[in-house]
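Given these sequences and hints, build the entire structure.
The lines below spell out each chain.
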Amino acid sequence: MTDARIAVRIERADGPGQPSRWEEFRVERRPNSNVISVLMQIQRNPVTADGRKTTPPAWDAACLEEVCGSCTMNINGKVRQACSALIDKLEQPIVLQPMKKFPLMRDLTVDRQKMFDALKRVKAWIPVDGTYDLGPGPRQSPEDQEINYVLSTCMTCGCCLEVCPQVAESTAFIGAAAISQTRLFNNHPTGKMHASERLRGLMGKGGVGDCGKAANCVQACPKGIPLTSSIAEMSREATKQALKDWFFRDEHKGGGGPVG
Amino acid sequence: MAESYIVVGGGLAGLMTVIKLAEAGKHVDVFSIVPVKRSHSVCAQGGINGAVNTKGEGDSPDIHVKDTLKGGDFLAEQPPVKGMCYAAPSIIYLLDRMGVPFNRTNEGLLDFRRFGGTLYNRTAFAGASTGQQLLYALDEQVRRYESEGLVRKFEYWEYLSFIKDEQGACRGIVALDLRTMEIQPFASDAVCLATGGPGVVYGRSTNSTINTGSANGRSYRDGATYANGEFIQVHPTAIPGEDKHRLMSESARGEGGRIWVPKKKGDTRPGREIPENERWYFLEEKYPHYGNLVPRDVASREIFSLVKDLGMGVGGEDVVYLDVTHIPAAVLDRKLGGIMEIYEKFQGVDPRHNPMKIFPAVHYSMGGLWVDYEADARNNMVPGSPRQQATNIPGLYAAGECDYAYHGANRLGANSLLSCIYAGMITGPAMISYAKNAAPKKGDVPSTTLQNARQQWVERFDKIYKMDGPENPFVIGQQMGEMMVKVATVVKKNPELDDALVKIQEMKERWKKSNVLDTGRTVNQSAAYLNQLSNMLELAHVILKTSRLRDESRGSHYKPDFVLPKPKTPKPTDDPEFMAAWKARNDKWLKNSLATWTPEGPRVEFKELESLKNPILSPEPRHYD
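Top to bottom, those sequences are chains A and B. Mapping the first sequence onto our numbering, position 161 (from 1) lands on 161, and the numbers just tick up by one. Mapping the second sequence onto our numbering, position 216 (from 1) lands on 216, and the numbers just tick up by one.
Among these hints, one or two may not hold up.
[Claimed, not checked] Below 20 Å or equal to it, Euclidean Cα-Cα: the simulated PhoX-like pairs (lysine-lysine) are:
(1) B:Lys503 with B:Lys486
(2) A:Lys53 with B:Lys513
(3) B:Lys153 with A:Lys120
(4) B:Lys286 with B:Lys265
(5) A:Lys114 with B:Lys153
(6) B:Lys613 with B:Lys566
(7) B:Lys508 with B:Lys486
(8) B:Lys503 with B:Lys463
(9) A:Lys101 with A:Lys192
(10) A:Lys240 with A:Lys78
(11) B:Lys265 with B:Lys308
(12) A:Lys240 with A:Lys205
(13) A:Lys114 with A:Lys53
(14) A:Lys53 with B:Lys466
(15) B:Lys607 with B:Lys591
(16) A:Lys78 with B:Lys345
(17) B:Lys308 with B:Lys466
(18) B:Lys559 with B:Lys508
(19) A:Lys89 with B:Lys345
(20) B:Lys345 with A:Lys223
(21) B:Lys583 with B:Lys607
[To be verified] Here are a few chain B residues that face chain A, going by a calculated C-beta distance under 10 Å:
(22) Tyr93
(23) Gln141
(24) Val523
The hints are simulated quantities; they were obtained by calculation from the structure and are not laboratory data. Backbone N, C-alpha and C define an ideal beta-carbon position, used for all residues, glycine too.
Put into structure tokens, the structure is as follows:
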């Protein structure tokens, strides 16, 4: 137990549907190390703690500044970005596992496509008329900008889905990220004009109504996005929209329905 | 058969190209090694330039043109710079309409701040994660086109090479699925590379780990001309790290941040306990006009020399202070929140109350694939000309950091987001014109051409999977990076470059003795890396070779053995002796380096700038005193 090196245990699998196994590594301790720099060290010398040659573990990474969301994984049982997981602050052995609420690709990499699909469902964009020069956008107060800016820092990392009890392979819950994005676009002066369409995307199977109010998401969000407020607000708005749609259902039949 | 288009890369330049094509009703396939929302554009922090002139300063696009050309020491072709600076205000407005949460004034208008290399408040910003916010806005627009069926995304696919027909034109690409390791050919009427910069050639830089420059390296090997490779920007302020160096945006200084070191060498007191009169604000002292906001190459050289030559780094280490502690915490959170958070998270120290420890780091490549342009007699860019952003390979375009245009010998801060978007805006229409006028249609590409191109790559990868030599490719990559940082960053010396040119050949030989480490066919990152590394070695070779050949100092390329004398008058133009030396230097070196791949190494020619025959601005000495 006098080993000054860093001990890492990694849950690995060779591909989708393949059995998982654990491998343990020891790497030299360096100042300012984080989980990514440790994985890089393993890559340069892929040998397990008991001296067996192995393949370098696969993981996703890009910016390493906690703005791209790529390197999200479970570290000592907590879902977070590997780049901002500093070794000095982690208990050893450091246990690395892939996210569990997404299809596994290999080792620490998973497929988070369903999060991007969810953004389509809620039409998470401002439908601009075109890229031609149409002058400035609408004025906004600094207060509104500050609220929207925080909502807009969501990097689709998936932490909120990973910790959500309502998200499982057998369920369809859209998750906090997309709900909060709906709020972002419905807050925008132009986005507001199309609020109903986005709210309809939050209704029905897997919609905002499926939230179980566990509030784990807001704790797990690395960007401090007020996800539970977003869910509360969108839930209220979706209910109002559903009532409106019911009361005015005749008008919708008349061809004035949703436009893309 | 309707024409179709391929864009490789989903950062700002790529996505804007996609939007322009889709808006015209064209089908686009976009290839990216990561989900496009995770592209490196997210790392840009400080803002985007545009002379909107909202602060009563009399700013204008013409001054923006001048700042940009002078910032790059007149090595950029001028009409594209003019086009970009004139389009800048409308680009910012477009992004505003797309919903980018730009910071606002009390009146609800866009706010602008100062950046380096200019005296005007010209930079629109969204906190200190402007790149992220811009990328998200374009990502959202592309998702809208995706849901309409105009755009298909191939995420986790890596570009391997373009497909050449018998006439030498680009007719599509071969790509690798990074998950299944499947290799496929894709036909197209025109291809745009928007694959970013080559930071990973330097090992640790401010770049994302995905910025290998591999697509550029491969295209260069296949005949595309690589221009101005020697111009690599070293950003003055980054947090040195074990895995990467994290950028501390120039906007920290734009908002009033100050750079200093203790006057007493090796002072061990914590920064905030050192009294004002014992601090040396060396940039403000030497450059009273621009102060901490001199261009990046100038600031990096000053910091580097202070630390390396004078040993004045904080506590004897390779760091200086970047200090924002005099700015109220609430202002810092509102305008610089993103970077305050990064420093706090990664260093465990609150920068609102403690000066940050920073050092220069490799940041951006001004060089890249050579691209054409077409301007009229008044130096206005010709709209829709198929020559805009076209490489020397017909049908192959390049936009964004992977092209060489716009920034000359040094890029000004907050001009990169702008150049990416502007390049994308003109590349889309150029590709459409090309496909309409010149090119044979996609349907005409013989299937044998496609299958042969694929087969070539299948065989290459079969060889990679069989590599069982003693060398670990990741170790070769690390050593390449360390060498490049040592010899080809802030200060360059010919003997060191000569030595590195020998070593890079050795590394290419060692690559052949690599071990693939992994023979699997699912997410095999080692096999993909071996291919990337071979392309990175080629780019490193270009950077070293052109650095060796350019015997002058210009922008980011600095050789102490080849510097101009210091002017003896406050205005350099008043010193005839200096002006004679300056003119002689320009006659010889005001040229773009153009590298062509050969089996023996890069063949380099230095070519005069086209636009200097009828310049918008005649070159003038670059000084910021």
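Going down the list of hints, with the structure as the test:
no.: 1; hint: B:Lys503 with B:Lys486; result: holds, 13 Å
no.: 2; hint: A:Lys53 with B:Lys513; result: holds, 18 Å
no.: 3; hint: B:Lys153 with A:Lys120; result: holds, 13 Å
no.: 4; hint: B:Lys286 with B:Lys265; result: holds, 19 Å
no.: 5; hint: A:Lys114 with B:Lys153; result: holds, 14 Å
no.: 6; hint: B:Lys613 with B:Lys566; result: violated, 28 Å
no.: 7; hint: B:Lys508 with B:Lys486; result: holds, 19 Å
no.: 8; hint: B:Lys503 with B:Lys463; result: violated, 24 Å
no.: 9; hint: A:Lys101 with A:Lys192; result: violated, 32 Å
no.: 10; hint: A:Lys240 with A:Lys78; result: violated, 37 Å
no.: 11; hint: B:Lys265 with B:Lys308; result: holds, 13 Å
no.: 12; hint: A:Lys240 with A:Lys205; result: holds, 17 Å
no.: 13; hint: A:Lys114 with A:Lys53; result: violated, 35 Å
no.: 14; hint: A:Lys53 with B:Lys466; result: holds, 17 Å
no.: 15; hint: B:Lys607 with B:Lys591; result: holds, 5 Å
no.: 16; hint: A:Lys78 with B:Lys345; result: holds, 17 Å
no.: 17; hint: B:Lys308 with B:Lys466; result: violated, 45 Å
no.: 18; hint: B:Lys559 with B:Lys508; result: violated, 26 Å
no.: 19; hint: A:Lys89 with B:Lys345; result: holds, 11 Å
no.: 20; hint: B:Lys345 with A:Lys223; result: holds, 12 Å
no.: 21; hint: B:Lys583 with B:Lys607; result: holds, 17 Å
no.: 22; hint: Tyr93; result: holds, 5 Å
no.: 23; hint: Gln141; result: holds, 6 Å
no.: 24; hint: Val523; result: holds, 4 Å
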